[in-house]
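J.: The lines below spell out each chain.
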Amino acid sequence: MKFKLKRTYEEDLKIFQYGSELARAGVGVLFLTVLPLFAGNYWIYNLTLAGIYSIAALGLNLLAGFTGLISLGHAAFFAVGAYTVGYMTSTLHISFWLALPAAGAAAAVVGFIVGLPALRLTGIYLAIATLCFAFIIEQVILEFPEITGGVNGLILQRPSLGSWQLNSDASYYFLVLLMVMLFVWLTKNITRTPFGRALVALRDSEVAARTTGVFPAKVKSQVFALSAFYTGIAGGLFAPLVNFVSLDNFTIMLSINLIAMIIVGGLGSIQGSIYGAVFISLLTEFIRMGKDILPAFISQQVGFQGAVYGLVIMLFILFEPSGIYGRYRKIKYFCEVFPLYRKDTFRRERKFQKAQRTR
Amino acid sequence: MALLEIVNMSKRFGGLHALTDVSLAVERGQVHALIGPNGAGKTTLFNCISGLYRPDQGTIRFRGKDITRTPAHRIPKMGIARTFQNLELFRNATVLDNIMLGRYLHKTNGIFSELLFLPGVRRQEVAARGKVEAIIDFLDLQSYRDQVIAHLPFGIQKCVELARALALDPEVMLLDEPAAGLNPEEARDLCFWIEDIREAFNITIILVEHDMGVVNEVSKQVTVLDFGTVIAEGSPDEVQSHPAVIRAYLGEEDGTAPSP
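Going down the list, the sequences are from chains A and B. Take numbering that gives the first Met the number 0: the last position of the first sequence gets the number 358, and nothing is skipped along the way. Take numbering that gives the first Met the number 0: the last position of the second sequence gets the number 259, and nothing is skipped along the way.
In short, the hints are calculated from the structure, not lab data. Be a bit skeptical, because a hint or two may be false.
Simulated coverage check for chain A against chain B, where a stretch passes if three residues somewhere in it have a Cβ under 8 Å from a Cβ of chain B [claimed, not checked]:
1) 8-18
2) 35-47
3) 237-247
4) 253-262
Taking lysine-lysine pairs in the DSSO-like style, the calculated list, with each CA pair at most 27 Å apart, reads [claimed, not checked]:
5) A:Lys13 <-> B:Lys64
6) A:Lys217 <-> A:Lys3
7) B:Lys76 <-> B:Lys106
8) B:Lys76 <-> A:Lys5
9) A:Lys217 <-> B:Lys219
10) B:Lys219 <-> A:Lys13
Small disclaimer: the values here were computed from a predicted structure and weren't measured. All C-beta atoms in this analysis are idealised placements derived from N, C-alpha and C, irrespective of residue type, glycine included.
Just chain A, with the same shape it has in the complex (with noise of 0.2 Å):
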C-alpha cells in the first residue's frame, strides 16, 4: 500500500500526488508522441480522430458527470466550432490559429444560450430539448449556404506553422496530442477549485449548494458554455483533418457516441472521457473490421453499428456502472493491496451506483 507523508495543503494541490502517477503519465505520453515512428498513417489518423473526440467528451462530461447536467446536442456545438474554423479559414482566409479560439468561442456563446433552459430542465427534458436544438442548429446550417456551404460543406486546408505546412498525419496528430494535454489540464485545474466543487454540489443537493452561496443559474450556464467551448475546439480540430465540413458529419449519431464514450469510460472522471473516447472511436475501426469477418446477413444490417453502441453501453451501465476508469481503479487497488482484496471493498459503491441509475 503506496502512503506518503503529507506536510503542506500545497502538496493535496498538485496534480500527480505520487512519484508513480508522474512516471506513468510521462511514459504514457512518451510512448503517444514516439508512437507515428511505428504506427500507419491508419492508425495515426485514427488516434488524431479519438484525441479530437477526447476533447470533446472531457466537455461533455464537465456537464453531463460532473454537473449532472445531460445534453443529446453536443453534436451541434461541434458543428459550431467546425464550421467556424472553415468558414474563417477557406473564405475569409483568416489563419488557422486564430479561427480555432473563434471556434471554442462561438461554440460558447451558443452554449450560453441553450444553457438557458437548463436553468429550468433536468434530466429527460433538458435531453430532449437540447436534442431539439441540434437540429434546429442543423437547420439554420443549410439556411444559410454562402457562409457554410450549405448541402455541399466547406472544403479547407491543412493549418501551416509558419512556413511548415501540418499535412502530414504525424503532424496533425502532435498538434491534437498537444490540445487534449492542454484541455486535460484545464479540466483538472476545475476540479480542484471551487468552480468545480461547485458543479458537484449542484449535481448532488442543489439545495444546499445555494444555502451555500452557490448560484445555480449563473453556475450552470458557465459550465454549458464552457462544455460547448471544449466541443467547439474539437469541431475546430476536426475540421482541418478531414479537410471538408458538411452536416453528415455532425448527425445525433455524434451526440450519442459522446455520451457512449462518456458513459463507458467513466462519469465524472478526467481518465475516464480520455478512456471512453479512444475505445469508443476504436470500436469504429474494429466494427468496421468485424463487418467482413461477420456473415453477411448481419454485416450487412442496417443499424449494424448503432446496435453494437447500444450493447456496449448496455452491458456497462449493467456490469461496470462506473466505466472503464473504474474498472482501472478497482485492478489497481487489487495490486496494491493484492493478498488483501476483500470482494467486498467496492460493494458500497456498486450499490449506490445501482440505486442512483434510476435516477
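We have chain A; now place chain B onto it with these hints.
T.: Chain B alone, transformed into the frame defined by chain A:
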C-alpha cells in the same frame, strides 16, 4: 437592536397556514431555541429565513437590513448559514470537499483564473484549506477527511453538515434538529460544540430541537410554535411550565385533543 428580527411573518401553502403572524427577535450572541410539536412550522420558518421560501407577509430583518426578498444564494453571504434536518450533503464528494464548499462564497477569483489555476487561486485554496482544517480539528473529523459521504454513519454526516455551515464563517447559524438521530454521547458532544461555537466563534445560534435535554442545556431563550403561531416565549423553565405549551404537547386536562 436584535440581530435577527422577524415581524408578523405569514406563509401559506394553499389552504394550509404554515406560519401566521410570527414575530421573533434573536439577540446577538444567544442560543435561541425553537420548539413545538411536529408540523408547527419550525422548518418553514427556517426556510423563509434562508430564502428558500418567500413569506407571504411580514419582514425579516438581519442587522437592521430587510432580507425578506433576498435570494437564497445571497443569504449565506450576508452571514446566515444553516443545516438541514434530513441532511443535504454532496453524497459523492469527500468530507473535505463538502466542507471546502463552505468556503465557496469567500473566493474572489473568476472562472478564467480558475481554469488556468493562477497563483491567486492557489493562494486562496491553501488559505481556505487552512480554515477548513481548523474546523475539522474542532469537530474531530480528522479520520474521515478523505472518505466519501455516502459511506459514513449518520452521526458523522450530521457533523459534516455542521462543519460546512461553520466554514461559511457566518454570524448566525440555523441548526435544524442537530440532535435528531444522534446517540446520547453524540448529543452531549453536540451540546459542547454549540457552546463552543457561540463562545469561540462568536456565532449566534437558532436551533430547532425536539430533545429538551439539549435545549435546556444550551439555550437561554426558547420560542414555542404551534400550528404556525408563537404560543410562548421565555427561558426553558418558563416555557415548560407554560399552560399553552403543556396543552400543545399533552392536550387538554379533560382529555380532548388540542384545538388549532
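J.: Confirm or reject each hint.
T.: Against the structure, the hints come out as follows:
no.: 1; hint: 8-18; in the structure: holds (count 4)
no.: 2; hint: 35-47; in the structure: violated (count 0)
no.: 3; hint: 237-247; in the structure: violated (count 0)
no.: 4; hint: 253-262; in the structure: violated (count 0)
no.: 5; hint: A:Lys13 <-> B:Lys64; in the structure: violated, 43 Å
no.: 6; hint: A:Lys217 <-> A:Lys3; in the structure: violated, 38 Å
no.: 7; hint: B:Lys76 <-> B:Lys106; in the structure: holds, 11 Å
no.: 8; hint: B:Lys76 <-> A:Lys5; in the structure: violated, 32 Å
no.: 9; hint: A:Lys217 <-> B:Lys219; in the structure: violated, 41 Å
no.: 10; hint: B:Lys219 <-> A:Lys13; in the structure: violated, 48 Å
The earlier numbered hints that this structure contradicts are 2, 3, 4, 5, 6, 8, 9, 10.
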